[in-house]
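Undergrad: Each chain is listed here by its residues.
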Amino acid sequence: MPQPASSISIPRPLDAPKLTVGVADLQATGDRAMRIITHALGSCIGVTAWDPRTRAAGMLHYMLPESKVSPDKAERQPAMFGDLGVPLLLERMKALGADPKRMVVCAAGGAEVVADGGRFRIGARNRTILRKLAWKHGLLLAADDTGGNFSRTLTIDAECGTVRVRTQGEERTLWAA
Amino acid sequence: MGSLMDIISTLDRLPPLPAAATRLLQILGGPDPDLDEAVRIIRTDESLTASVLRTANSAAFGARGRTLDLRSAVVRLGARAVSHHALELAAAPAFRDAGSAFEVRRGEQWRAAIGGARAAEELGARCGAEPERCFVAALLRDIGRLAFDLHHAKHGGGIPRPAAEEDFLAFEQRTFGIDHATLGAELATRWGLPYEVCTAIRHHHHPPARDEGGSVLLDVVHLADAAARFAGLGLGCDGLLYPVSDAAMDRLGVDRDDLERLALAAAVAVFQLEAELGGAEGHDEDTPPVSHSNQIAGHPARRTA
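Chains D and B supply the protein sequences, listed in that same order.
Note that the first sequence covers residues 1 to 177 in the numbering used here.
Note that the second sequence covers residues 1001 to 1305 in the numbering used here.
Just chain D, same shape as in the assembly (with noise of 0.2 Å):
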């Protein structure tokens, strides 16, 4: 659900220079200058993470919860899944100097079909992987926006961490410094 976010929020130019982050995608980038996007989160889940000393800043966007439903896939896309991705993440994240102890981490999406009875709850088993993870990890999930039936864009900008969410027309702050 939807957390409170700070109302600081510093405006960055929309020419400011960007990476996308596909649909299985991971983006890290040392650069502060720099900021992550990613489109069209229905079910899948974007997770962001910044590191607040060394403004690294990284985004992922997965599809399922587990890569155990198709290993070969798995192999070639670890970023498709929850269970690859997000260690992943935080791989390329300490690459750039950043330490999972000072991170802060985010995330936006993992809606749901309309009328799921139960069969389906991918967007629910999306979010469940993603805080047995930040829980093995020791990261502190500092503010998600998840759930529901729409879909959503989440931007990260590295030189602040602040996290935006896209939805139905209006953006929202998720997370600020």
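Rather than coming from a laboratory, the hints here were simulated on the basis of the structure.
Treat the hints with care, since some could be wrong.
[Said to hold, decoys possible] Short derived list, chain D residues pointing at chain B, Cβ under 10 Å:
id, residue
1, HIS61
2, GLY148
3, THR167
[Said to hold, decoys possible] When the alpha-carbon atoms are kept at most 20 Å apart in a straight line, the in silico EDC-like pairs for lysine to aspartate or glutamate are as follows:
id, chain 1, residue 1, chain 2, residue 2
4, D, LYS94, D, ASP31
5, D, LYS68, B, ASP1255
6, D, LYS68, B, ASP1258
7, D, LYS132, D, ASP83
8, B, LYS1154, B, ASP1012
9, D, LYS136, D, ASP99
10, D, LYS68, D, ASP83
11, D, LYS136, D, GLU66
12, D, LYS68, B, ASP1257
Think of the CB as a built atom: it goes at the ideal place given N, C-alpha and C, for glycine as much as any other residue.
Since the structure of chain D is already known, use the hints to place chain B on it.
TA: Structure of chain B alone, referenced to chain D:
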């Protein structure tokens, strides 16, 4: 906002598909599709042939040597793969801007069409349905959105918003008096496509039971659409506001894991086609192709400014 008749009349203003594409759809969507005839039709269209050869020669497609002519491409890839590639490429111009009335990003409707079509082909083959017909029906399942796009372009105004938990087809009917599935079936009929394909388009969100006119084809196209949506393809302000039919899953013997694997297949099909096309098809500056920095070698992350 315009009347129901305005929306229906937009069907007459939609540009026709290229003749070769229409003929391909008719052949592949019909009973006992003649793949040799499909290849002959591709050969009559110079730009389509060039596009097919381009993908056939791409590294991502696994070609080891260059394929210089269509005959070699058919030998190497098979008539079915060549025909389906031709349709995917022929459909790209029609779908490039589709979905704008409901905030689907540019190029995304084409990606959803491809992902759904490949998923339907795979599921159809498994369930005893004609794979070509499943492919064609799923490829075209959302063409009705083109009418809403033209209507919105003419009348302007804000993007209408569905309520949470509202079936999006019901929202379309409430707002416009008609839904995109019905419009799509009407358009497909005007294009002369086979009746079964038109019916699959009409019912792709709510496949009826067998004793109410349902069929394996209708269930396949419905579940392929759901799989594409789970892969994040073609999402606009409609999000996940389409129910997935438990009854269709039961009829086809498809469980949750099957559907998830189908979603993965849909996503991978789109990734591969984009890699074959160099990631250029159907995207604008704000909607770059998937970057797959961790997946497809030689397909670097895209940085925009």
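Undergrad: Each hint should be assessed against the structure and marked as holding or not.
TA: Quick rundown of the hints versus the structure:
1. For HIS61 of chain D, the interface hint holds, since its Cβ comes within 10 Å of a Cβ in chain B; the closest pair sits about 8 Å apart.
2. With 10 Å as the threshold, the beta carbon of GLY148 of chain D comes within range of chain B, its nearest partner Cβ sitting at about 6 Å, so the hint holds.
3. With a least beta-carbon distance of about 8 Å to chain B, the hint placing THR167 of chain D at the interface is held under the 10 Å criterion.
4. At roughly 15 Å between alpha-carbon atoms, LYS94 of chain D and ASP31 of chain D fall within 20 Å of each other, so this suggested pair holds.
5. With a C-alpha separation of about 15 Å, the suggested pair LYS68 of chain D and ASP1255 of chain B falls inside the 20 Å cut-off, and the hint holds.
6. Note on LYS68 of chain D and ASP1258 of chain B: the hinted pairing holds, with a Cα-Cα distance of about 12 Å set against a maximum of 20 Å.
7. For a cut-off of 20 Å, the pair hint linking LYS132 of chain D to ASP83 of chain D stands: about 9 Å separates their Cα positions.
8. As the CA atoms of LYS1154 of chain B and ASP1012 of chain B are separated by approximately 14 Å, the hinted pair is consistent with the 20 Å bound.
9. Of the pairs offered as hints, the one joining LYS136 of chain D and ASP99 of chain D holds, with about 15 Å between alpha carbons and a cut-off of 20 Å not exceeded.
10. Of the pairs offered as hints, the one joining LYS68 of chain D and ASP83 of chain D holds, with about 9 Å between alpha carbons and a cut-off of 20 Å not exceeded.
11. A hinted pair counts as satisfied when its Cα atoms are at most 20 Å apart, and LYS136 of chain D with GLU66 of chain D qualifies at roughly 15 Å.
12. For the proposed pair LYS68 of chain D and ASP1257 of chain B, the alpha carbon gap of about 10 Å is at most 20 Å, so the pair holds.
Violation of the numbered hints given earlier is absent; every hint is satisfied by the structure.
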